[in-house]
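Visitor: Residues 1 to 207 in this note's numbering are what the sequence shown lists, from first letter to last.
If you're looking for bench data, these hints aren't it; they were derived computationally from the structure. There may be inaccurate statements among the hints.
Unchecked claim - The calculated EDC-like cross-link candidates involving lysine to aspartate or glutamate, where the alpha carbons are at most 20 Å apart (straight line), are: (1) Lys-69 with Asp-39; (2) Lys-115 with Asp-150; (3) Lys-44 with Glu-26; (4) Lys-183 with Asp-133; (5) Lys-115 with Asp-39; (6) Lys-186 with Asp-196; (7) Lys-115 with Glu-20; (8) Lys-160 with Glu-3; (9) Lys-44 with Glu-20; (10) Lys-203 with Asp-188; (11) Lys-115 with Glu-127; (12) Lys-183 with Asp-39; (13) Lys-183 with Asp-12; (14) Lys-69 with Glu-26; (15) Lys-149 with Asp-133; (16) Lys-186 with Asp-202; (17) Lys-44 with Glu-65; (18) Lys-115 with Glu-93; (19) Lys-183 with Glu-18; (20) Lys-160 with Glu-127; (21) Lys-183 with Asp-150; (22) Lys-115 with Asp-156; (23) Lys-186 with Asp-133; (24) Lys-183 with Asp-202; (25) Lys-160 with Asp-133; (26) Lys-183 with Asp-196; (27) Lys-44 with Glu-64; (28) Lys-160 with Asp-150.
To be verified - So the derived label-pair ranges between C-beta atoms look like this: (29) Lys-149 with Glu-98: 32 to 40 Å; (30) Val-92 with Glu-20: 20 to 28 Å; (31) Arg-114 with Ala-66: 27 to 35 Å; (32) Asp-196 with Lys-149: 22 to 30 Å.
Glycine is no exception: its CB is placed at the ideal position from the N, C-alpha and C atoms.
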Amino acid sequence: MHELFARLAEIDPEPTTELEYGSAFELLVAVVLSAQATDVGVNKATRRLYPVANTPQAILDLGEEALRKHISTIGLFNAKARNVMALCRILVEQHGGEVPRARESLEALPGVGRKTANVVLNTMFGEGTIAVDTHIFRVANRTGLAPGKDVRAVEDGLMKVVPQEFLLGAHHWLILHGRYVCKARKPDCPHCVIRDLCRFRDKTPPA
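Kindly produce the complete structure, drawing on both the sequences and the hints.
Guide: Below you can see the structure in the form of structure tokens.
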């Protein structure tokens, strides 16, 4: 296990999210918007939104209709706009406009589940959490790293097996590995740095 993460760390010593953000609030909103959407698509939308409104109060002042227009290129933008407005209201009324650091408070926000909370806790607050998305779920099961029938089982498995020294970066390494190498339809096994450590039976043969 140590060798697997050591190799991923060697090729990407300082991994981070591909979502663009400049504050905890910008990261939170970006992650909420990223559900069933690509980071590229979210970044395009937030590049339009954040110069206009990038605090809870500013988005409340902007209004839901204008917010929808800024994020209309993202899937499920109507529901996401409602959630963002609602979470902004709670942040202003209950948290002084700041993003809370406690998991329970984060998960109490509209549109924020365990995965989103884990991303914020890890990326913004430096906590050793792992947000299991489709990429991490696939990599964990395919490689045999932490097999599980659902995302919580995979998360719990990863928290047990990832060495402490790699815990902060594990979330990002696994997502990026799944996104660019261990892809769903055609994994790029010939160029995989952990190929020999992987238990996937149907490895893509070299060209």
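Visitor: Each hint should be assessed against the structure and marked as holding or not.
Guide: Checked hints:
| no. | hint | result |
| --- | --- | --- |
| 1 | Lys-69 with Asp-39 | 18 Å, holds |
| 2 | Lys-115 with Asp-150 | 13 Å, holds |
| 3 | Lys-44 with Glu-26 | 13 Å, holds |
| 4 | Lys-183 with Asp-133 | 13 Å, holds |
| 5 | Lys-115 with Asp-39 | 15 Å, holds |
| 6 | Lys-186 with Asp-196 | 17 Å, holds |
| 7 | Lys-115 with Glu-20 | 18 Å, holds |
| 8 | Lys-160 with Glu-3 | 16 Å, holds |
| 9 | Lys-44 with Glu-20 | 9 Å, holds |
| 10 | Lys-203 with Asp-188 | 8 Å, holds |
| 11 | Lys-115 with Glu-127 | 13 Å, holds |
| 12 | Lys-183 with Asp-39 | 16 Å, holds |
| 13 | Lys-183 with Asp-12 | 18 Å, holds |
| 14 | Lys-69 with Glu-26 | 18 Å, holds |
| 15 | Lys-149 with Asp-133 | 13 Å, holds |
| 16 | Lys-186 with Asp-202 | 10 Å, holds |
| 17 | Lys-44 with Glu-65 | 18 Å, holds |
| 18 | Lys-115 with Glu-93 | 24 Å, violated |
| 19 | Lys-183 with Glu-18 | 17 Å, holds |
| 20 | Lys-160 with Glu-127 | 15 Å, holds |
| 21 | Lys-183 with Asp-150 | 19 Å, holds |
| 22 | Lys-115 with Asp-156 | 13 Å, holds |
| 23 | Lys-186 with Asp-133 | 18 Å, holds |
| 24 | Lys-183 with Asp-202 | 13 Å, holds |
| 25 | Lys-160 with Asp-133 | 18 Å, holds |
| 26 | Lys-183 with Asp-196 | 17 Å, holds |
| 27 | Lys-44 with Glu-64 | 19 Å, holds |
| 28 | Lys-160 with Asp-150 | 16 Å, holds |
| 29 | Lys-149 with Glu-98: 32 to 40 Å | 37 Å, holds |
| 30 | Val-92 with Glu-20: 20 to 28 Å | 23 Å, holds |
| 31 | Arg-114 with Ala-66: 27 to 35 Å | 30 Å, holds |
| 32 | Asp-196 with Lys-149: 22 to 30 Å | 27 Å, holds |
When each numbered hint is compared with the structure, a violation occurs for hint 18 only.
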